[in-house]
Every structure is written in C-alpha cells, then in structure tokens.
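Following the hints, put chain B in place on chain A, whose structure we already have.
Going line by line, the protein sequences match chains A and B. Every letter in the first sequence is one number past the one before it in this note's numbering, and letter 150, counting from 1, is 150. In this note's numbering, each residue carries its 1-based index in the second sequence increased by 346.
Just so you know, these hints were derived from the structure itself, not from any lab. Watch out, some of these pointers could steer you wrong.
As the list claims (entries may be wrong) - Here are the in silico distance ranges between beta carbons for each label pair:
| id | chain 1 | residue 1 | chain 2 | residue 2 | range |
| --- | --- | --- | --- | --- | --- |
| 1 | A | Glu-299 | B | Gly-475 | 28 to 36 Å |
| 2 | A | Arg-21 | B | Arg-512 | 51 to 59 Å |
| 3 | B | Asn-660 | A | Asp-187 | 38 to 46 Å |
| 4 | B | Lys-420 | A | Arg-128 | 39 to 47 Å |
What the hints assert, rightly or not - Where chain B lies over chain A, by a calculated footprint (3+ residues, C-beta under 8 Å):
| id | stretch |
| --- | --- |
| 5 | 206 to 220 |
| 6 | 227 to 239 |
| 7 | 257 to 265 |
What the hints assert, rightly or not - As a list, the in silico DSS-like pairs of lysine-lysine whose alpha-carbon atoms are at most 27 Å apart:
| id | chain 1 | residue 1 | chain 2 | residue 2 |
| --- | --- | --- | --- | --- |
| 8 | B | Lys-532 | A | Lys-63 |
| 9 | B | Lys-409 | B | Lys-431 |
| 10 | B | Lys-608 | A | Lys-262 |
| 11 | A | Lys-85 | A | Lys-36 |
| 12 | B | Lys-409 | B | Lys-420 |
| 13 | A | Lys-36 | A | Lys-74 |
| 14 | A | Lys-85 | A | Lys-63 |
| 15 | B | Lys-420 | B | Lys-382 |
| 16 | A | Lys-186 | B | Lys-382 |
Think of the CB as a built atom: it goes at the ideal place given N, C-alpha and C, for glycine as much as any other residue.
Chain residues, written in single-letter form:
2 protein chains.
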Amino acid sequence: MGGDHGPGVVLPALARVAQRRGDLRFIIYGREEEVKPVLARHAPLAALSEFVHCEVAVRMDDKPSQALRHGRWKSSMWKAIEAVKAGNADACISAGNTGALMAMSKFCLRTMANIERPAIAALWPTVRGESIVLDVGATIGADSHQLVDFAILGAAMARAVVGAQRPSVGLLNVGVEEIKGQEEVKDAGRMLREANLASMHYHGFVEGNDIGLGTVDVVVTEGFSGNIALKTAEGTARQIGEYLRAAMNRTFMARLGYLLAKGAFDSLREKMDVRKINGGVFLGLNGIVVKSHGGADEEGFAAAVELGYDMVRNGLIDRIEADLDLFHARHPQTAARLAAIGEDEE
Amino acid sequence: MGGDHGPGVVLPALARVAQRRGDLRFIIYGREEEVKPVLARHAPLAALSEFVHCEVAVRMDDKPSQALRHGRWKSSMWKAIEAVKAGNADACISAGNTGALMAMSKFCLRTMANIERPAIAALWPTVRGESIVLDVGATIGADSHQLVDFAILGAAMARAVVGAQRPSVGLLNVGVEEIKGQEEVKDAGRMLREANLASMHYHGFVEGNDIGLGTVDVVVTEGFSGNIALKTAEGTARQIGEYLRAAMNRTFMARLGYLLAKGAFDSLREKMDVRKINGGVFLGLNGIVVKSHGGADEEGFAAAVELGYDMVRNGLIDRIEADLDLFHARHPQTAARLAAIGEDEE
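Bound conformation, chain A alone (with noise of 0.2 Å):
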C-alpha cells in the first residue's frame, strides 16, 4: 500500500521478479479493493502469491508515533513485519513511510541481542562497483560501541549482497588538519584497529569522496552525517544531469552529437539510476526488512526485493549473529555494557 504509487506499482514489480527468479513466493499484504484489481491483471504472479486483507495501511505523512497507536497489530505494514517474526516470510519489503516503518519493525521484531540500536544501510554505486554505507537515517549520533556494531552488520551485509569476502571497512570523517574527528568516531577506530576482526579489514577513516570512489566496501557513520551524505549525492547526480541535459540541447551539433553517443549516454544514464540499486536495508533487527524508495517506479521496487532475496539467499542473519557473537565473546566489556542498558530499560 506504500510509496507514490502504492499496488499500481508494487504488482508489476513483483510480476517482473517472479520471472527473474524462479523460486520466490509472495504474501501480499493491503486493502482488497485496491490490491485485487491490479493482481488480476497478473495471472502468473497471482498463482505464486498469497494475498492477505488489511484493513488499515499506515499513511506515507503519518508520525511513527500516530502509524503505531492505529497500524499495530492490524495495518498492512505491521502484517508484513509479522510475517517476518513469525517465519511465514523471510523479508519484508516495504515502499512506505520509513519512519513508521523502522518504529514497527524495532516493536515487532526488535533488536538483535548484542545490538543497540539498528542502522539503515544503503548500497551506493561508486566507480568500482557497490559499497554499503550506513546508517543514513535510523538515529541521529552514535556513540562509538554503536559505530563498531554498524560496521559488523555493514561487513557482513557485504559479504552477503557485494560478494566481498573480507569487505573493507571505513570510518566516516573530515579531512581538515585542524579538527581530527569526533571523539566517538576516534575511538570507534581504536576499537576496530585493535580487534583485528576475521569477518572485516579495518581501513582506518575515510572522507565524503571516498564513498563514490569506492575506497572501502563499507563506510560507517552516525545517521545524521549518513543522510546528508547520501541526499547531497542525489542532489549532486540530478545536478549534472540537468547540466548535461540543457548543454545537450544548446546548439544543433550538440544535439547531433547526442543523437549519435545516444547508446553512451544511456548507458550513462543506467549508471546514474537510482532505482538499480534502490533500497534502505534495516540491520541490527531479527529479521530481514528492506525500505524502497517511495518514489520508486516498477524496476526500482523490483531492485528493492531482490536485494532482500539476495540476502536471504546468502544467510545475512546467521552472518550478523555469528559475528556478533565471536566479536561479544572476546570483549565482554561490551556485552556487559549491553547487559547494564536493557537492565536500565526494564
């Protein structure tokens, strides 16, 4: 029921992927009056799919406070998590409004035992290939116990979905001699150095250009900074396609020359798309949920479940937990810290 577009959307794109993989099932969750219409128009998808009536779905401008007291237990958003927790589905894919989203997916499947708090990662397409940055957006500040946690669920997410088998890991940071970081950041990259973990290689920091050059397979950083990071290189890449565009467009040889690179500049273009590597991934929950654009077209949510197929197909769970796990067992500190925080909760 999410997104710009809601089943319109979502529909084709699930069709599109039951082609491209054979062995996925679906459970499809929202109003029947609005759902129905579009599945009947894609007979092979609805013989693969189960639908589920929900009377509620949660609104794209809803607080996450307001999506809970009325989308708990009932709406079409929380049904999908609830399969996820339930072992009826092995990930949850969802266009809607992120912040309910990730406040549902904390409540009903909530926090893996060695985390605190869970990031948003994104795959960002750079020059080499793909990196994981996060968190872009779940809280804002982290302290430094929390960036090394996002960097063994961001390690293992890149062994699961990029294929790097000791993915390289960055700290986010600025490059100004006068200011050499945040104190959490500084320490972070002491906690790694010394770790020396099996499951990653410990780069050391990283600056904002980095992330497009590829320099590391993961880069880690609190929310706040990881939005901004992430927005200014949306901003920054429709930029210079409206450069491109109206520079294209100034004089006949432009427009000539245009016409004959055209193969080059679509495939330009697919390079610059968003939508091939749509999806915020939820890590740091027990279980696989992932966020698609709300703007995403049928290729972008397409892009969207097949990254949460890809991670279920390579065990990113079972990853994350066996490294937290062996990283826990040799500093009991932490885990004793944690100990202490959910006594504080309780």
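Leaving out everything else, chain B in the frame of chain A:
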C-alpha cells in the same frame, strides 16, 4: 608558499587577476629564493606588488600546534594574516595548510566580539547559480547559538558575494520521519524564526539534496556534516565525470558524437569545474581570510583572490558587524552568555 605548487602557480594567478582588476595591489610573502625568480618573469605584476622575504614557511603537513610553534610571528602565512590585522592588506589569500591557517587567523585576528567560533564558508554551484554553505570544517559540532551566528555570517556573505538582497537561509537537517533532527538544529530553527531578521529570510530546514538544487542562498550546518556534504558532492561529481568519460570512449559512434558535441561538453566541464568557485572563506574573524584549495591551478587561485576582492569591495566585515550588533541588541541574553564565556576564558 602554500598549496601543491607554491609560487609557480600563485604568482601567475596574481598576474591574471591584476589584468582583470586594475585597482588591485599585492603584498607577497615568501622565501626570496623561490619567489623572486618567478616574479622576475612577471614584470607587470612585480610593478604593482611589494615582496616581503620570510625565512619560515608553514608546511602542508604541519599540525596547527606545530605551525603556531615554529611559524608564529615570522612565517609567510603569519605575516600575510598580520598584514590584514595591521590594516596594510584588506584580505589574506593562502593555498596553504587549512588547519594552520585557521589556527593562526584565530590567534592573530581574533573572533568578532559577538562570535564564539569562526566558520569556513564554501561557495557551492547549484542549478540556480551559487549558494553558500557553512561551516564546512572549521570545528566539529555547534550549539544552537553558534548555528544562529553562522546564519548571520552566511547571510552577510551572500549579500556581499552572491548579490542576494535578503538571502534565504536554510538549516541542514535529515528528512527521515523517525528522527526529526538534532536538538541544536531544532532550537536554532526556532530562534531564527522568532528573530525574523531583516538581513535574511529564514526558510526552514533543508536536506542534502536541496544544496545542489539551490533551494536556499545559504545552507547552515556544523562543521562535521558540512565537511562530509562538501567532500561527498566533490566525489560524486568526479564519479559521474569518470562514467561520462568511459561511456564516450566505448564505441566509435560515441566518440564521433563526443567530437560533434565537444563545445557542449566543454561548457559542461566548465560548470563542473571546482576551480571556478575555489575558495573557502573564514567567517567570524576580524578580517578577511580566504583559503584556496591546495591543488588549485592558476585559474583556481585567481578565483580565490577575486572572491576576497569581492568581499572587500562589498564591505563584508562591516555588514557582518552591523548584522551581529542588530541581532545582539535585540537578544541581550545571547550577549550576556557570550560575556560569561569571555570571563570564563580569562
């Protein structure tokens, strides 16, 4: 003496600027044996310049504390800043070590009476022209009062450089619903809205993608996220440039198309050229200091000089002082807070 190329780039750059702005005079600080031979090749420049030999030059990899220790009172960097303080120069331009330049500028020029901490402001090209973004790395973190100060500083610069009569100002924030932003940002937003200053139009929050779109004339944020936004945009522009180059080389038709559209590509390259908008401005000090990119070429360093020129011509420092006086006269609690901080430091 600073930057990757030293006098070999700086002096030809000054020669260019001298041709374009007939009323400029230069005082050049540096080591005689390196500067004099280059200056000898630029007779018209030499005629309108004064040269001051300085035995010591701050190194690009000096830490700010090291630079202060061995470069204070006597290095070319210090002398250039001191010329501003003494009123012998209207602005100091350097391609040297950013941290050292900021440390020396603070030590020599001091922050303005109503300002706690200086900021570095960047001119940012947008689809609508140019915007000002600050702080891009002077200090990490900023409380709400400091963010308000940055807004006043940035708005004054926008009037002096971009030519906006009543510039629009936005506070950089994240757009995910779950997290509605740092407390400091929210408080600063409230203060700016209530203050309703004549020197700016407070627009509200903006996100990372708004920077390149030119949604506002001035984007205000603290130094960590500002630096990450700036570097991320640079990295994205380079990344797309590489995609474009690769795409245009792939086939014969693409190469032919490229040749026909070469004029358009050249104008695009010019748009994307960071050299044209080179120069980080130190704001909040009792004098104008412009930091050129260390890797700037002649045209790049010339742009930094012309940026300083424009700010002097348009009375930047007076504008800032008038705006700050007006704001603090109406907000005596802020003045009292500053006085208390001043007493603590003494």
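Structure-based check of each hint:
1. Range check, Glu-299 (chain A) to Gly-475 (chain B): about 34 Å between beta-carbon atoms, so the 28 to 36 Å window is met.
2. The hinted window of 51 to 59 Å between Arg-21 (chain A) and Arg-512 (chain B) holds, with their beta carbons roughly 56 Å apart.
3. At roughly 44 Å, the beta carbons of Asn-660 (chain B) and Asp-187 (chain A) sit within the given window of 38 to 46 Å.
4. For Lys-420 (chain B) and Arg-128 (chain A), the hinted distance range of 39 to 47 Å is satisfied, since their beta carbons lie about 46 Å from each other.
5. Taking a C-beta to C-beta cut-off of 8 Å, the stretch 206 to 220 of chain A contributes 7 residues in contact with chain B, enough for the three needed, and the coverage statement holds.
6. Under the rule that three or more residues need a Cβ within less than 8 Å of chain B, the assignment of the stretch 227 to 239 of chain A holds, with 13 such residues.
7. For the stretch 257 to 265 of chain A, the proposed coverage by chain B is satisfied: 9 residues have a C-beta within less than 8 Å of a C-beta in that chain, meeting the threshold of three.
8. Restraint check: the Cα-Cα separation between Lys-532 (chain B) and Lys-63 (chain A) comes to about 17 Å, which is no more than 27 Å; the hinted pair holds.
9. Taken as a hint, the Lys-409 (chain B) and Lys-431 (chain B) pair is honoured in the structure, with Cα atoms around 23 Å apart against an allowance of 27 Å.
10. Proximity of Lys-608 (chain B) to Lys-262 (chain A) is assessed by CA-CA distance (about 15 Å); at most 27 Å being required, the pair is judged to hold.
11. Our distance criterion of 27 Å between C-alpha atoms is met by Lys-85 (chain A) and Lys-36 (chain A), whose separation comes to about 25 Å.
12. With a C-alpha separation of about 17 Å, the suggested pair Lys-409 (chain B) and Lys-420 (chain B) falls inside the 27 Å cut-off, and the hint holds.
13. With a C-alpha separation of about 19 Å, the suggested pair Lys-36 (chain A) and Lys-74 (chain A) falls inside the 27 Å cut-off, and the hint holds.
14. For the hint pairing Lys-85 (chain A) with Lys-63 (chain A), the CA-to-CA distance comes to about 23 Å; that is within 27 Å, so the pair holds.
15. Note on Lys-420 (chain B) and Lys-382 (chain B): the hinted pairing holds, with a Cα-Cα distance of about 19 Å set against a maximum of 27 Å.
16. Only pairs whose Cα atoms come within 27 Å are accepted, and Lys-186 (chain A) paired with Lys-382 (chain B) is rejected, the gap being roughly 44 Å.
The structure fails hint 16 only (numbered hints given earlier).
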